[in-house]
Amino acid sequence: MTTIALLLLTGLGLGALYFLIAAGLSLIWGLMRVLNFAHGAFFTVAAYAGWVAANFAGGAPPEVRWLVGVLVAVAAGAVFATLTEVLLIRPLYARHVGQVLVTVGLALATISLVQGGFGSDPQTFALPRWMTATTNVVGAGVPNTRLLVIAVAALVFALLLFFLRRTRFGLIVRAGVENRAMVQALGIDVQRAFTLVFAIGGAAAGLAGMLAATYYGTIDPGRGTSMLIFAFIVVIIGGLGSVTGSAVAAVVVGVVQQFLNFYGAAGVGDFSVVLLLAIVLLIRPGGFSGTTT
Amino acid sequence: MKRARSVGIGVAVAAVVFAVLPFLGITIPGVFDGPLNSPGTLNLLGLCFVFGALALTYDLVFGYVGLLSFGHALYFATGVYVTAIALTRWHWSLLAALALTAIVSLVLPLVLGAICLRMRDIPFAMVTLAFAQAGSILVMQNPFGLTGGEEGLALGGDTLPAALVGVVNTRNVYWIALVLLIVLYAIAWRAVNSPPGRVWQAIRENERRVNVLGLNPYLYKLGAFVLSAFLASATGVVYLLLQGGANPQVTTADFTLALLVMVVLGGVGTLWGAVLGGVLYEYLDFRLIALSNTSAVKDLPGLLRVPLSEPLFLLGVLFIVLVLFVPGGLGGALRRRFGTALGSTS
Numbered sequence: 001m002t003t004i005a006l007l008l009l010t011g012l013g014l015g016a017l018y019f020l021i022a023a024g025l026s027l028i029w030g031l032m033r034v035l036n037f038a039h040g041a042f043f044t045v046a047a048y049a050g051w052v053a054a055n056f057a058g059g060a061p062p063e064v065r066w067l068v069g070v071l072v073a074v075a076a077g078a079v080f081a082t083l084t085e086v087l088l089i090r091p092l093y094a095r096h097v098g099q100v101l102v103t104v105g106l107a108l109a110t111i112s113l114v115q116g117g118f119g120s121d122p123q124t125f126a127l128p129r130w131m132t133a134t135t136n137v138v139g140a141g142v143p144n145t146r147l148l149v150i151a152v153a154a155l156v157f158a159l160l161l162f163f164l165r166r167t168r169f170g171l172i173v174r175a176g177v178e179n180r181a182m183v184q185a186l187g188i189d190v191q192r193a194f195t196l197v198f199a200i201g202g203a204a205a206g207l208a209g210m211l212a213a214t215y216y217g218t219i220d221p222g223r224g225t226s227m228l229i230f231a232f233i234v235v236i237i238g239g240l241g242s243v244t245g246s247a248v249a250a251v252v253v254g255v256v257q258q259f260l261n262f263y264g265a266a267g268v269g270d271f272s273v274v275l276l277l278a279i280v281l282l283i284r285p286g287g288f289s290g291t292t293t
Numbered sequence: 001m002k003r004a005r006s007v008g009i010g011v012a013v014a015a016v017v018f019a020v021l022p023f024l025g026i027t028i029p030g031v032f033d034g035p036l037n038s039p040g041t042l043n044l045l046g047l048c049f050v051f052g053a054l055a056l057t058y059d060l061v062f063g064y065v066g067l068l069s070f071g072h073a074l075y076f077a078t079g080v081y082v083t084a085i086a087l088t089r090w091h092w093s094l095l096a097a098l099a100l101t102a103i104v105s106l107v108l109p110l111v112l113g114a115i116c117l118r119m120r121d122i123p124f125a126m127v128t129l130a131f132a133q134a135g136s137i138l139v140m141q142n143p144f145g146l147t148g149g150e151e152g153l154a155l156g157g158d159t160l161p162a163a164l165v166g167v168v169n170t171r172n173v174y175w176i177a178l179v180l181l182i183v184l185y186a187i188a189w190r191a192v193n194s195p196p197g198r199v200w201q202a203i204r205e206n207e208r209r210v211n212v213l214g215l216n217p218y219l220y221k222l223g224a225f226v227l228s229a230f231l232a233s234a235t236g237v238v239y240l241l242l243q244g245g246a247n248p249q250v251t252t253a254d255f256t257l258a259l260l261v262m263v264v265l266g267g268v269g270t271l272w273g274a275v276l277g278g279v280l281y282e283y284l285d286f287r288l289i290a291l292s293n294t295s296a297v298k299d300l301p302g303l304l305r306v307p308l309s310e311p312l313f314l315l316g317v318l319f320i321v322l323v324l325f326v327p328g329g330l331g332g333a334l335r336r337r338f339g340t341a342l343g344s345t346s
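Those protein sequences? They're chains X and P, same order as listed.
Heads up, the first sequence is in this note's numbering, so the first residue is 1 and it goes up one at a time.
Heads up, the second sequence is in this note's numbering, so the first residue is 1 and it goes up one at a time.
None of these hints come from the bench; they were simulated from the model.
Because the structure is a prediction, the values reported are computed rather than measured.
Among these hints, one or two may not hold up.
[Unchecked claim] For each label pair, taking beta carbons as the anchor points, the in silico distance ranges come out as:
1) P/Ala186 to X/Tyr93: 48 to 54 Å
2) P/Val179 to X/Gly119: 38 to 44 Å
3) P/Tyr218 to X/Phe262: 50 to 56 Å
4) X/Leu87 to P/Arg305: 24 to 30 Å
5) P/Ala333 to X/Ile188: 37 to 43 Å
6) X/Leu87 to P/Trp90: 30 to 36 Å
7) X/Thr218 to P/Gly34: 40 to 46 Å
8) P/Gly34 to X/Ala265: 43 to 49 Å
9) P/Trp90 to X/Thr124: 39 to 45 Å
10) X/Gly59 to P/Leu303: 25 to 31 Å
11) X/Arg33 to P/Arg305: 25 to 31 Å
[To be verified] Example chain P residues on the side facing chain X (calculated, C-beta under 8 Å, incomplete):
12) Leu117
13) Pro123
14) Val297
15) Leu300
16) Leu304
17) Pro307
[Claimed, not checked] A few chain P residues facing chain X, derived, Cβ under 7 Å:
18) Ala114
19) Ile115
20) Met126
21) Val168
22) Arg171
Positions of the beta carbon are idealized from the N, C-alpha and C atoms, including for glycine.
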């Protein structure tokens, strides 16, 4: 029982990280039909920005440093993503493959630059003491970082749903996912929604970068890419363009991965997730849900 | 017809020049470190041929059918790893190992392609990426001690025929790489100019229309996918011979992305452009690593030194610039410059 609770919460934590990356990917795909390979670069750059900022605030108490790191990471992710959209994606409007290729180039260049600047070894991260402690959940000592990551991701999910369902921009984004040509025909500037979606996706990826650093205790240049691939799987299983679908798929993928990695050999969980994707594709090519939000 | 002949003559001349290269002791300063017939230079050239051939196989699916696969590294790695495992772990003869590799490299893309091709466009890309990642995880986890995990597999001296082992025999492997490139080029040229090849290009332009004409795009796409993957495995085998071992680097997503850079660098949808891109990428990658170790770069301040010592950064930036400003790649730019003598299917 204790093992199951521990695995479940660890898996949920992992799923929370996947969700933060996948939500942005899914919205960007839904609205713009862009497969954003640079999302892993947003994640990595933001995590390192957060790390540098937290180190910069060296004298402050760990809680403050962590919070500074999170805020800087979110800001860095949003700024980087906005610049990407404006400078690289926009000039290639209507050339979908070109847009994908540009994000591929950006991902390769950025991550190798981070690797060159900070080295490829993992950098450890000083966390507030209460985070490294554990909380007793039905007898299992669950690291607080897991619970924190889950709580933050749940909050982001709620905010995203509120944004999509209750605000004017959210309405435009939802309508754009449904039928972009029609939204444009109604005289609404979809371009601004593109930039906005990129900024939100980048901010969420940046948050994921910092939370992954909290979850694992370290950051390294390669993590963004490997998490991105699982986020792609989550996006497809959840149904492209659907935030709720991504949330459900992220939880399923994270928990399945965690359980099988524990009960099977190492790597079995990762492998099974890909198998799960194949099965879902064979049964329901559109993923869990074909609808938006 | 005339164009095909002139291109054929050009290819034949280039093939003869490269074939006699191991007998020439000329030094080209600045381009290669040693004389042309030194093992180091021949190895680099051999690798350039292998990557040229690999880029060619990728261009078959991406450039001619319009399938953006992010899993091509998997099939290259199949050639590398199945052969390496059969040779080193099971001590099979080279011929038996090649036979097994051939079977695996037909069955694997057939099964995975059948699943992946249920999706189109970008979702297809994501799914192929996921399968390639599964392959990468498998190799890294070293199941039953077969793949050697992160360390990879080294071909021992006694696993291969003597003529393929050792620095002295580098030129033999070099010739194999050259033959590989020529044979694959011939196969690819034949394939894209055959009736199914025409259908591939029609699918790239307008898949629905092909469907309306009464042809089943799925089967044609699967055929192209399997052919391209099989040929990629063949290049993997030659890569294994050149490198003297298997390393897990070739299974990673980054490797597929590098392939994409090669093809776009050279020019999507032209066979010779893809070859040019592959050769150039491998050469630049090698030279840029060498450059980053020179004192001229090492003494630079950090702000300049760090980007210059990361080949992938420079190649990535070059790639972005090409996509933004030179959509046809180097091949497209050359064709615009020199007219239609370099046709799209030659």
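Hint check results:
Between P/Ala186 and X/Tyr93 the beta carbon distance is about 40 Å. The supplied range of 48 to 54 Å is therefore violated. Checked against the given bound of 38 to 44 Å, the beta carbons of P/Val179 and X/Gly119, roughly 42 Å apart, stay inside it. Judged by the Cβ atoms, the range 50 to 56 Å given for P/Tyr218 and X/Phe262 is violated: they are separated by roughly 39 Å. Roughly 25 Å separates the CB atoms of X/Leu87 and P/Arg305, a value that falls within the hinted 24 to 30 Å.
For P/Ala333 paired with X/Ile188, a C-beta distance near 39 Å keeps the hint of 37 to 43 Å intact. Taking the beta carbon of each, X/Leu87 and P/Trp90 are about 53 Å apart, not inside 30 to 36 Å as hinted. Between X/Thr218 and P/Gly34 the CB atoms are about 42 Å apart, so this pair conforms to the stated range of 40 to 46 Å. As the Cβ distance of P/Gly34 to X/Ala265 is approximately 46 Å, the hint placing it in 43 to 49 Å holds.
Roughly 42 Å separates the CB atoms of P/Trp90 and X/Thr124, a value that falls within the hinted 39 to 45 Å. Between X/Gly59 and P/Leu303 the beta carbon distance is about 27 Å. The supplied range of 25 to 31 Å therefore holds. A hinted range of 25 to 31 Å is violated for the C-beta pair X/Arg33 and P/Arg305, which are about 39 Å apart. For P/Leu117, the interface hint is violated, the least distance from its beta-carbon to any beta-carbon of chain X being 10 Å, above 8 Å.
Interface restraint check: P/Pro123 against chain X, minimum CB-CB distance 6 Å, threshold 8 Å, status holds. Nearest Cβ of chain X to the Cβ of P/Val297: about 12 Å, over the 8 Å cut. The hint is violated. The interface hint given for P/Leu300 is broken, as the beta carbon of that residue sits about 12 Å from the closest beta carbon of chain X, more than 8 Å. The interface hint given for P/Leu304 is violated, since its Cβ lies 11 Å from the closest Cβ of chain X, which is over the 8 Å cut-off.
Because the smallest distance between the Cβ of P/Pro307 and any Cβ of chain X comes to about 6 Å, under 8 Å, the interface hint for this residue holds. Here the hint on P/Ala114 is broken, as its CB sits about 10 Å from the closest CB of chain X, past 7 Å. This hint holds: P/Ile115 has a C-beta 5 Å from the nearest C-beta of chain X, less than the 7 Å allowed. The interface hint given for P/Met126 is met, as the beta carbon of that residue sits about 5 Å from the closest beta carbon of chain X, less than 7 Å.
Annotation: P/Val168 was flagged as interfacial toward chain X, and the flag is violated, the nearest CB pair being 36 Å apart, outside 7 Å. Nearest Cβ of chain X to the Cβ of P/Arg171: about 34 Å, over the 7 Å cut. The hint is violated.
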